[in-house]
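Q: With these hints in hand, go ahead and build the complete structure from the sequences.
In order, the protein sequences belong to chains A and B. Mapping the first sequence onto the numbering used here, position 254 (from 1) lands on 254, and the numbers just tick up by one. Mapping the second sequence onto the numbering used here, position 69 (from 1) lands on 69, and the numbers just tick up by one.
To be clear, the hints were calculated from the coordinates, so they are not data collected in a lab. Positions of the beta carbon are idealized from the N, C-alpha and C atoms, including for glycine. Hints may contain errors.
What the hints assert, rightly or not - Sample of chain A residues lacking proximity to chain B, with all beta carbon distances greater than 12 Å (derived):
{"id": "1", "residue": "R24"}
{"id": "2", "residue": "S29"}
{"id": "3", "residue": "G41"}
{"id": "4", "residue": "E42"}
{"id": "5", "residue": "A75"}
{"id": "6", "residue": "P78"}
{"id": "7", "residue": "T89"}
{"id": "8", "residue": "L111"}
{"id": "9", "residue": "G113"}
{"id": "10", "residue": "P148"}
{"id": "11", "residue": "L184"}
{"id": "12", "residue": "V188"}
{"id": "13", "residue": "A200"}
{"id": "14", "residue": "I230"}
{"id": "15", "residue": "P241"}
{"id": "16", "residue": "G257"}
Unchecked claim - Label pairs and their computed distance ranges (CB to CB):
{"id": "17", "chain 1": "A", "residue 1": "G119", "chain 2": "B", "residue 2": "M7", "range": "16 to 22 Å"}
{"id": "18", "chain 1": "A", "residue 1": "G119", "chain 2": "B", "residue 2": "L155", "range": "34 to 40 Å"}
{"id": "19", "chain 1": "B", "residue 1": "A46", "chain 2": "A", "residue 2": "V86", "range": "56 to 62 Å"}
{"id": "20", "chain 1": "A", "residue 1": "G122", "chain 2": "B", "residue 2": "R310", "range": "45 to 51 Å"}
Claimed, not checked - To give a feel for the contact side, a few chain A residues facing chain B, derived at Cβ under 10 Å:
{"id": "21", "residue": "V100"}
{"id": "22", "residue": "D259"}
{"id": "23", "residue": "R261"}
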Amino acid sequence: MVKRAGAPPSAEPETLAFEGVAIRLGGRSVLGGVSFEVGLGEVVGLVGCNGAGKTTLVRSATCSLRPDSGEVCLAGQPIRELPRRVLATRVATVPQDVHVPFPFLAGELVLMGRTPHQGLFGFESAADLEIAREAMDRVGIAHLANRPVDRLSGGERQLVLFARALAQQSDWLLLDEPTAFLDLRHRVDLFRAVRHFTEAGGGALVVSHDLGGVARVCDRLVVLSEGQVIADGEPHEVLRPEIIHRAFGISVDIFEGPDGRPVVVSRLA
Amino acid sequence: MKHLTPMRFALTLSLLAAFLFLVVVFSLGMGPSAIDASEVVRALFAPVSPDPVVDIVRGIRLPRVVLAALVGASLACAGVIFQALLRNPLADPFILGVSGGAALGAIAMLSLGGALGLGYAAVPPAAFAGCLLTLLLLYFVAGRGSRISPTALLLTGVVFNAFASAAIIFLASAADMLDGSRIFIWLIGNLSAARLDAAPWLAGFLFIGLSCALLSARGLNVLALGEETAEQLGVSTDGQRRVLLVASSLMVGAAVSISGLIGFVGLIIPHALRLVLGPDHRLLVPASALGGAAFLVLCDTLARTLLGGRELPVGAITALLGGPVFLFLLRRGEQSWIAPAGSAR
Chain A
1 MVKRAGAPPS
11 AEPETLAFEG
21 VAIRLGGRSV
31 LGGVSFEVGL
41 GEVVGLVGCN
51 GAGKTTLVRS
61 ATCSLRPDSG
71 EVCLAGQPIR
81 ELPRRVLATR
91 VATVPQDVHV
101 PFPFLAGELV
111 LMGRTPHQGL
121 FGFESAADLE
131 IAREAMDRVG
141 IAHLANRPVD
151 RLSGGERQLV
161 LFARALAQQS
171 DWLLLDEPTA
181 FLDLRHRVDL
191 FRAVRHFTEA
201 GGGALVVSHD
211 LGGVARVCDR
221 LVVLSEGQVI
231 ADGEPHEVLR
241 PEIIHRAFGI
251 SVDIFEGPDG
261 RPVVVSRLA
Chain B
1 MKHLTPMRFA
11 LTLSLLAAFL
21 FLVVVFSLGM
31 GPSAIDASEV
41 VRALFAPVSP
51 DPVVDIVRGI
61 RLPRVVLAAL
71 VGASLACAGV
81 IFQALLRNPL
91 ADPFILGVSG
101 GAALGAIAML
111 SLGGALGLGY
121 AAVPPAAFAG
131 CLLTLLLLYF
141 VAGRGSRISP
151 TALLLTGVVF
161 NAFASAAIIF
171 LASAADMLDG
181 SRIFIWLIGN
191 LSAARLDAAP
201 WLAGFLFIGL
211 SCALLSARGL
221 NVLALGEETA
231 EQLGVSTDGQ
241 RRVLLVASSL
251 MVGAAVSISG
261 LIGFVGLIIP
271 HALRLVLGPD
281 HRLLVPASAL
291 GGAAFLVLCD
301 TLARTLLGGR
311 ELPVGAITAL
321 LGGPVFLFLL
331 RRGEQSWIAP
341 AGSAR
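A: Rendered as structure tokens:
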């Protein structure tokens with residue numbers, strides 16, 4: 001994206017844009033110039049085989065990793081120019097899993113989502129508590145609030161981390177394998193909550209191996225293979241046997257589901 | 001939803017402060033001549049007068065009690081900070097060898113400082129430097145990128161402790177300045193030789209360290225979840241960690257340079273308080289300071305009264321009490337704290 005001189009920042013489209021992001025880790029090229037955008041109001045799915053660079057891409061969007069070349073931009077501004085605290089009010093991440101070495105309660109962990117909105121010392125305001133409560137209700141984990149996080153199951157902890165990200169009240173949500181440990185019901189609940197988030201004006205990037213799930217929830221899918229985007233479009237444009245074969249190296253059949261969205265069935269032979 | 005309210009914060013700290021006061025009064029009454037609590041309180045607040053009770057309470061016992069409280073508070077506070085930063089509930093200045101590094105720095109300055117024309121004032125900075133260098137060594141050896149292997153951390157601590165003890169004995173013997181019994185002061189913490197003029201700067205370093213930890217207490221909560229989580233929540237980890245490591249090194253350096261190696265305070269107190277109060281550092285940090293102060297005053301009282309006229313090193317008392325308590329706490333269901341940390345993402 002070329003920055004137009006003199007244009008006010010609001011003239012830039014409200015997107016989270018990956019612009020030619022290239023990252024090398026341990027001497028190996030993980031991402032080789034990845035470009036795509038996540039707009040407000042849309043759910044974008046990021047799929048690809050293990051090691052395709054999905055998590056690396058998510059980490060680059062929170063400044064945990066700096067691209068070797070290229071840029072991640074928020075509304076046209078490179079995120080590395082933003083103070084961390086400001087960035088955290090605009091982009092929230094749901095990590096795969098977090099080891100919590102101390103017995104924090106689930107509610108306390110969700111309240112930590114308010115950190116970028118608060119100082120480093122002080123007490124939560126009534127508004128903070130309300131926001132955290134709402135986030136937990138939205139994810140359906142209000143009953144876990146007073147349970148220590150280290151006694152929760154992997155799936156429950158994932159939902160707590162999701163509620164924490166919601167409590168951050170950011171414009172964008174990045175979800176890294178959010179459904180990995182979830183049963184079917186919680187998977188549906190989570191996708192519903194993501195939908196609700198984008199319908200309220202947010203943008204979401206969902207990294208997932210669950211092709212069926214992302215096909216149903218996402219407005220667009222981006223397919224990553226060996227650090228490159230090999231397809232970017234609506235689910236029915238992207239979920240095609242030849243593209244899946246390129247990304248995953250397997251043969252699949254694609255059917256049309258009852259909601260008109262594609263259903264992927266892998267062939268064993 | 002349970003969370004830290006100003007009410008709970010104030011109430012808990014008031015209770016702990018009241019407990020500390022009771023412990024101090026009890027300790028001031030204990031000694032070769034026992035003094036009633038009411039007499040102790042009277043003597044504490046009495047105007048200066050040629051009264052033998054006032055002399056004993058304020059002149060003889062109070063300075064040592066104050067030093068014990070300051071050292072205990074410093075060690076417990078540093079323990080909480082180490083545990084959060086290293087994401088390991090077993091971190092403690094003594095176990096990690098950080099206290100050992102501080103003692104080594106102090107001994108090196110004591111045995112070589114004379115030759116360099118430096119006086120006693122150079123000892124605390126040397127202890128502080130030893131402390132900081134040990135921390136850097138721990139990060140260097142046990143660090144794996146931005147993560148720290150808990151196993152490597154504890155092993156490095158054990159090895160460095162042995163190394164530091166040996167180096168202390170070597171230096172002290174080579175300099176021929178410390179006889180056997182005085183080496184004891186360094187190897188097992190002891191407040192009997194503590195210098196009273198040390199109290200003001202010990203208090204100063206405690207104030208600095210405690211302030212740093214308190215002002216970034218919410219940051220400590222988030223840092224305890226890992227560097228990347230902290231970054232995602234908008235906390236700049238490098239700056240925070242540097243400030244907190246220097247602050248805790250100041251506290252440990254100051255404490256060790258006047259009391260030697262007192263172990264377990266930084267481990268037991270935060271551990272026990274976390275079980276009761278929860279892990280929120282906004283409350284845990286000041287509570288540990290008060291709890292550590294009360295604990296060390298009690299231990300030092302035992303150290304100077306248990307064997308009648310003869311003094312025990314207070315480090316022996318903390319280890320005798322702390323070891324079993326620690327094993328009990330560990331057994332009571334927190335085994336998960338040691339094992340799975342290696343799988344930290």
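Q: Indicate, hint by hint, whether the structure satisfies it.
A: Status of each hint after checking the structure:
{"no.": "1", "hint": "R24", "result": "holds, 15 Å"}
{"no.": "2", "hint": "S29", "result": "holds, 19 Å"}
{"no.": "3", "hint": "G41", "result": "holds, 23 Å"}
{"no.": "4", "hint": "E42", "result": "holds, 22 Å"}
{"no.": "5", "hint": "A75", "result": "holds, 18 Å"}
{"no.": "6", "hint": "P78", "result": "holds, 17 Å"}
{"no.": "7", "hint": "T89", "result": "violated, 7 Å"}
{"no.": "8", "hint": "L111", "result": "violated, 6 Å"}
{"no.": "9", "hint": "G113", "result": "violated, 7 Å"}
{"no.": "10", "hint": "P148", "result": "violated, 9 Å"}
{"no.": "11", "hint": "L184", "result": "holds, 25 Å"}
{"no.": "12", "hint": "V188", "result": "holds, 25 Å"}
{"no.": "13", "hint": "A200", "result": "holds, 21 Å"}
{"no.": "14", "hint": "I230", "result": "holds, 28 Å"}
{"no.": "15", "hint": "P241", "result": "holds, 34 Å"}
{"no.": "16", "hint": "G257", "result": "holds, 34 Å"}
{"no.": "17", "hint": "A/G119 - B/M7: 16 to 22 Å", "result": "holds, 20 Å"}
{"no.": "18", "hint": "A/G119 - B/L155: 34 to 40 Å", "result": "holds, 38 Å"}
{"no.": "19", "hint": "B/A46 - A/V86: 56 to 62 Å", "result": "holds, 57 Å"}
{"no.": "20", "hint": "A/G122 - B/R310: 45 to 51 Å", "result": "holds, 50 Å"}
{"no.": "21", "hint": "V100", "result": "holds, 6 Å"}
{"no.": "22", "hint": "D259", "result": "violated, 33 Å"}
{"no.": "23", "hint": "R261", "result": "violated, 31 Å"}
Hint violations for this structure: numbers 7, 8, 9, 10, 22, 23, all remaining hints satisfied.
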